[in-house]
Amino acid sequence: LHNRLIFVTILSKNNYTNMGFPTKYEDLTVGQWMAFKSIQADDDLSVIDMQKQLVSLFTGLELTDVENMDIIKFGNYVKKLSFLNSELKEMPIVENWKGFKATLSLTEMKANQMIDYESILKAHGNNIYRCTDKLLAIVYKEKDKPYNPDKHEEHTKLFSDAKLTDVIGVVFFYSVYSFNAGKIIQICTDKANRIVTQRMKEIQESKQLVPS
Numbered sequence: 003l004h005n006r007l008i009f010v011t012i013l014s015k016n017n018y019t020n021m022g023f024p025t026k027y028e029d030l031t032v033g034q035w036m037a038f039k040s041i042q043a044d045d046d047l048s049v050i051d052m053q054k055q056l057v058s059l060f061t062g063l064e065l066t067d068v069e070n071m072d073i074i075k076f077g078n079y080v081k082k083l084s085f086l087n088s089e090l091k092e093m094p095i096v097e098n099w100k101g102f103k104a105t106l107s108l109t110e111m112k113a114n115q116m117i118d119y120e121s122i123l124k125a126h127g128n129n130i131y132r133c134t135d136k137l138l139a140i141v142y143k144e145k146d147k148p149y150n151p152d153k154h155e156e157h158t159k160l161f162s163d164a165k166l167t168d169v170i171g172v173v174f175f176y177s178v179y180s181f182n183a184g185k186i187i188q189i190c191t192d193k194a195n196r197i198v199t200q201r202m203k204e205i206q207e208s209k210q211l212v213p214s
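Quick note on my numbering: the sequence shown kicks off at 3 and runs consecutively.
Nothing false has been slipped in among the hints.
Within a straight-line C-alpha distance of at most 20 Å, the following computed DMTMM-like cross-link-like pairs (lysine to aspartate or glutamate) qualify:
| # | residue 1 | residue 2 |
| --- | --- | --- |
| 1 | Lys39 | Asp163 |
| 2 | Lys145 | Glu155 |
| 3 | Lys112 | Glu97 |
| 4 | Lys91 | Asp29 |
| 5 | Lys39 | Asp168 |
| 6 | Lys39 | Asp51 |
| 7 | Lys100 | Glu156 |
| 8 | Lys39 | Glu92 |
| 9 | Lys112 | Asp146 |
| 10 | Lys82 | Glu64 |
| 11 | Lys159 | Glu144 |
| 12 | Lys145 | Asp168 |
| 13 | Lys91 | Asp168 |
If you're looking for bench data, these hints aren't it; they were derived computationally from the structure.
Given the sequences, and given the hints that come with them, work out the whole structure.
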């Protein structure tokens, strides 16, 4: 809980609120979406505590300021956030975003991309919503350039500030695709290993290699 609150507090002090208080999913950034999912996943929060956290997040106000807010004003903020009670519908994939191009096939993905993707996802408990911005910085590459791990932190910040609906389609895609891709890679690797093992066995047993 403590880590979640720190995460939400950091986000709330960023410039996300400059775009105004959100009233629909299209108003959210990736960073705000991640913070919302973190609050939503906290079973220790009561309904009122969750509402306070969300109002604090989207207004940029400290929790104490929200707690001292006029009840009518607080209620109006909560009412505006009613859209969060509905599920975010799957969005179309945006292949090109501000100089970046999405990697949408296994044949296009390089080994370092797959390694970083799986490592980051595993480090966050295989919860794609806890590291959405970090994953986007992997599956989106700069156009006409290879994936560059050294720029990952820089690109993560860009995607954290991105409009949620501009890039979330790729997240939906990878929430299913990544697991299937991992299985495909494992199957291919196992098959290749079996072929190599069998070939080595054939070579070792070849009469041409047996000393006379």
